[in-house]
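Enquirer: Please model the entire structure based on the sequences and the hints provided.
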Amino acid sequence: MADDDYAELVLTVVERIPPGRVMSYGAIAEYLGRGGPRQVGAVMSHYGGGVPWHRVVAANGRLVPGHEQEALRRHRQEGTPLKSDKVDMRRAVWWPEDDPAPLP
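In terms of the working numbering, the sequence shown is numbered consecutively and its last residue is 182.
Treat each hint with caution, since some may be false.
[Said to hold, decoys possible] Taking CB as the label site, the calculated pair distances span: (1) G98 to G127: 13 to 23 angstroms; (2) G128 to Q155: 12 to 22 angstroms; (3) D83 to D166: 12 to 22 angstroms; (4) Y125 to P96: 28 to 38 angstroms.
These are computed hints drawn from the structure, not numbers from a lab.
Built from N, CA and C at the ideal position, the CB exists for glycine as well.
Expert: Structure below.
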């Protein structure tokens, strides 16, 4: 699978995350069966501006570094469960099998 194909798959998964829910970088990689959190982070860094980037967080709920305030504003607007300045992962995590639409 080419890097462009991987980026497209990552972005497709991110587009499917419902408002008020999140996935971690590692969970996206696990779901795709390829790469890891850093690879997903690299895709998001380069191509994530057109998708709901704030719905991808660290496994501990930490928001996107350098964009914390904007991400927090968006999460509050969407009603994402929060614990202080982090996402409450126990309540907010989402997995693509919750949405049966196939990936391209």
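Enquirer: Hints first: check each against the structure and report whether it holds.
Expert: Here's how the hints hold up against the structure:
Distance hint check: the CB atoms of G98 and G127 are about 21 angstroms apart, consistent with the given range 13 to 23 angstroms. Take G128 and Q155: their Cβ atoms lie about 18 angstroms apart, and the range 12 to 22 angstroms holds. Checked against the hint of 12 to 22 angstroms, the pair D83 and D166 fails, with Cβ atoms roughly 33 angstroms apart. For the pair Y125 and P96, the supplied restraint of 28 to 38 angstroms is violated, since their beta-carbon distance comes to about 21 angstroms.
Going through the hint list in order, the structure does not satisfy hints 3 and 4.
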